[in-house]
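Participant: Read off the chains here:
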Amino acid sequence: MRNNAVKKPLLLLFTCLFLLSAVLTGCGGTSQNPGNNTAANNSTAPAQSTSAAIDHSQELTIDVYDNAANYQGEQTGWYGKILKDKFNLKLNILAPQVAGDTLYKTRTAAGNLGDLLVIDNSQLEELIPAGLVMDISNLVKSSANLSKYVDNHFLPFNKAFEKVNPEGKIYAMPTFEADTSPTTYSEEVPYSSPIMPWDYYTGVGAPKINNLSDLLNTLKAMHDKYPKTPDGKTIVPITLWKDWDGGSMENVRWLCNWYGFQQPDGTTSIQLNAKGDIVPLSDDNSMYKKILKFYFDANKMGLVDPDSASQDWNKVAEKLTNKQVMLLWYSWERGFYNSIERGKNGDGNVSVPIADSHIIQNSDAYFGDGRVFALGSKAKDPQRIMEFLDWYVSPEGLRYYTNGFEGFNYEKTADGKFKLTEVGQTAFQKNTPVPDQYGGGGYQDGQCKINSMIMSDFVKDPDTGEFYNNNYWASTLEANKTKLTTDWQAKFNATNATDYYQKNKMIDIVPNINTSLGSDNSDIKNKRSQTSDLVKNTSWKMIFAKDENEFNQLWSKMKTDLDGLGWKDVVAADTVKAQKIVKMRADATASK
Amino acid sequence: MSSKTTGLARNEKVPDNKVNKKIKMQNSASDNMISVLTYVLFALFAIICVYPFYYIIINTISANDLSAKGIIIFLPQQIHFKNYSDVFKIPGLWDATVISLGRTLIGTTLTVGASAFLGFMFSQEDMWARKFWYRFTIITMYFNAGIIPWYLTMRNLHLTNNFLAYILPAIVSPFFIILVKTFVESTPRELQQAAEIDGAGIMTFFVSIMLPIIKPILATVAIFAAVGQWNSFQDTLLLVTDSKLYSLQFILYNYINQASSLSTLVNLQNSGNTVMQSLATKQTTTSVRMTITIIVVAPIMLVYPIFQRFFVKGIMIGAVKG
Amino acid sequence: MRSIGNSSKKSAGVRKFLYILPFMAILAVFAYYPLYGWVYAFFDYMPPIPLSKSPFVGLMWFQQMVENQVKVSQILQVLKNTFGMSGLNILFSWLPMVFAIFLNEIKSMRYRKIVQTVTTLPNFISWVLVYSLAFSMFSSEGMLNGLLRELGLASSPILFLQDSRHVWITMWAWYTWKALGWSAIMYIAAITGIDESLYEAAHVDGATKMQVIRYVTLPSLLPTYFVLLMLQIASFLNNGMEQYFVFQNAFNKDTIQVLDLYVFNLAMGGGSYSVSAAISMLKSLISVVLLFSVNGLSKLFRGESIV
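Protein chains in written order, with our numbering: chain A, 617 to 1208; chain B, 24 to 345; chain C, 124 to 430.
Covered by chain A, per the in silico footprint, the following chain B stretches (three or more residues, Cβ under 8 angstroms):
(1) 170 to 181
(2) 252 to 266
DEER-style ranges, computed between Cβ atoms:
(3) B:Tyr107 / A:Asn1096: 27 to 37 angstroms
(4) A:Ile956 / C:Leu218: 55 to 65 angstroms
(5) C:Leu274 / A:Ser738: 53 to 63 angstroms
No lab work stands behind these hints: they were computed from the structure.
The beta-carbon is built from N, C-alpha and C at its ideal position, and this holds for glycine as well.
Only chain A is shown next, with the shape it has when bound in the complex (with noise of 0.2 angstroms):
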């Protein structure tokens, strides 16, 4: 009776879960079908490039390797409509960045990486070799779009691989190549620069910041009137985080560009200022040293938040959202806050300059950002995937990637212009639900996943003369005027803050070096991530040194036991590339 009981759902639970099993192993089974097909039609697709016409008959799904993606998962909602629409293509995005790094080695190990490839130059000096990219050379120069850009963009690009790729072939475009030149920076505001809520900055009589000390002066003033928030939040005049510390202390890196160092990306031990000097950060006289210095006489006075050492970069968002920080750089914080509402109302955060400060700015970014676009040796059907990336580099590519449909996101002014509708103003915050006809779903998340561009959005496009970036538009200039901008353009005398700094001779804008600058050596490899978690260990305690006396302690402990760590090799090694950018920078600027 009892065992009759049990036995029968059990038997049941086996039955349905013997289904189950069946149904899923079925669906793992026919969703190779696609892949199979299309491996069919690779072979064939020789064939049909001699003539013109593509066929997209078939649906080809191809698997796209995305450092830059954040999203991992085939491509939906509106943007995926229209690939579907035009080119029966659908995209199976791969993301290391939610995967992993060991989705690289893995799939490199394997020997495919993927049909479409958006990786780091460096990774790209490391395939080529091993013949995991395809030659796109011919493909790109016959296209339609693409090929525009070949001699002033993808040719010098590659060539400089010379190691890897002494034919000088195409083996891949940059991302993000702006459309203007090597030495012009297009944005307002400097990536980093001293930025402050200007009501607090004018609230203790707007003084004349001369040197960092005036700085501290100032901050210190705008702390004892400022204690906290009209809701009562502590405001914290400096607020630090750990974790976005690479080879050096993060928060200290991006302040020694104010006064012209820059550590180049990647690199960890040196710095390199736009005359071409290259200082280790260790150097007794090193802006990097000079900037700690800053950070440990601001909390000496208190004004850096005692939570910075245990807080991330979530915490400060947070913080920063409810205007509890007094001292910002990057310009895109900025955002955090403000908003033209505030605006109005002569409310929000502003470029405040340094009169002694000498920025060193890259400019925009001509030769590409850091990545760029292959094709995977094994790619199936090679002709359609570059037929899409054409398509990707043309206005109409352009103006869907950036800026969503006409009519919806934006609708042309009576000059021929483009200008924001209400609803393109805010569809990406609010991720606005899209018309059916359009594909549905939010607007954000529709988007295009890929999170890279080949062409930037300052590139301008041919029927209204303006970057495709909305920001630039006449239009939203327009709109966006407010208290808080005429006011500062009152006091500075100047439209924008880039305009400032230029105007008065306090920045330099350097050409924006891309390509690879060689990948390390396993022991470099292993002496770099040991000295730089020394350096940044070291930056932080010093920063919170009880007394001077301290903080000199750990700065000459640091530089004992970074020799003991190989530093000097790191350091060599970091000479060289910078050595490498340097060069180049020197070229672009006599080629331009």
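Assemble chains B and C onto chain A, guided by the hints.
Facilitator: The following block gives chains B and C in isolation, referenced to the frame of chain A:
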């Protein structure tokens, strides 16, 4: 069995209740004190465990900006369910749920079955080279071959983009086998001898007598295995690129990642400025994380009581007698 | 007679082995076969360059870990932390057992079930989220400092999360809070398996609660406890890293950095694949050696081998 009770008597630790009533009263007094203490301590610990969870719940249903300010501590304010409805709008969520349910049901069943069988078999002292095979199994618990050979192995077995990749590697789990074996060894040896005398084969004995006895430990294994399957997404990350086979946890992980990907953009100086600005202003990762925690834990908490009934004492006797 | 008995016994033994053979095959494929990857530890392997083209470096990665004074002192500090944290966890490994025993003493079924359910909840909160909860309670603006300020007990905020003292203890406390209720499930199940007649006999003898626990419940749980203890000792190098990763900052790093976190921190800076292969190989070997050493000790002192 009885040796332990006689052991008690021999050591004379247990006073004879007929002789000394006073001691018994003291006993019950101390028993009561222990009971009260136990109740209080457990209540305290339970509160420490529940409050953070409660905190998470009220923060997911309060207005996100209030929650970000950290002022939602005891009661929710401006209640809304947008965090939840946003999650339920994630494309592919329902397919992924089916996959997750599938791998949890099938995977758990197979793992429990294999663990029960192997745990039982390893307690059979007459098995050929038993010790060797038991050790052969156990030490794999400490093996770490590295990610690349593991991936290549799975690929060679055609277990990439294959539902079976979720199931097969988990079938033989040393830890569960140890748990079952230890439990089996605590059951009376005589049962099997008696069954053998009755002419029952080893499989018959295992299925009809042993399985019901070891239900409590199987329930434990089932809970552990099911939660493991339900929460697992590492295998999806590396082995699956076909979105039809994505598991629920993977989809949710993907979703969290989108909300927090800003930091990886920061080094792309010029290009991403506008993208970054909009991303930066949008992100509320903590509330997303909290919401997802609740969504993931809720089903577990619903199913957990079903397993709990296996933890009631007395089943074993009943099973053996029945 | 005898020889026939023996051979039939032997064939029964072999038949029993044949039953488990398929499972051993699964293990061989999924656990043993990939171990060939340990050879990467002796090469300088950087995918996509195949192993056949990678230089052989012998024991270089192992030697590099201890090549100079700075590295040796780093490794020693890391090992000290690993020993400390694992030691504390091993020292208190009886807690889940005691938890289960006393839970079992609770008469009210409903109360017991509620406690049992809610104490598993922390197990499901990811460490990242645990940290953000910890931050909202213990930061300078957190609940606790707010309370201290209100009560006038502290003039300036106390930075609990940046305290480099008591790190081992606090880490142990967080871990225990998270895992206690969950690990107790194994013991709760084991208690269920104890023969009821033992309890009846104890009751007849008029045993007190403590006596029942001491002479009936505890001895029945010890086999499970010792097995789990042994497994825990064998894996003392594997603290995992997530917990320590979320709690680490510049000020507690020296005392919080356990081996797994150390390896992870190095890999973040782009450490090579071969180094991580070398370390995971070393860890696997040490664990297996430890397992059999502890087993030997158990044989020596308890007269009973566990594996």
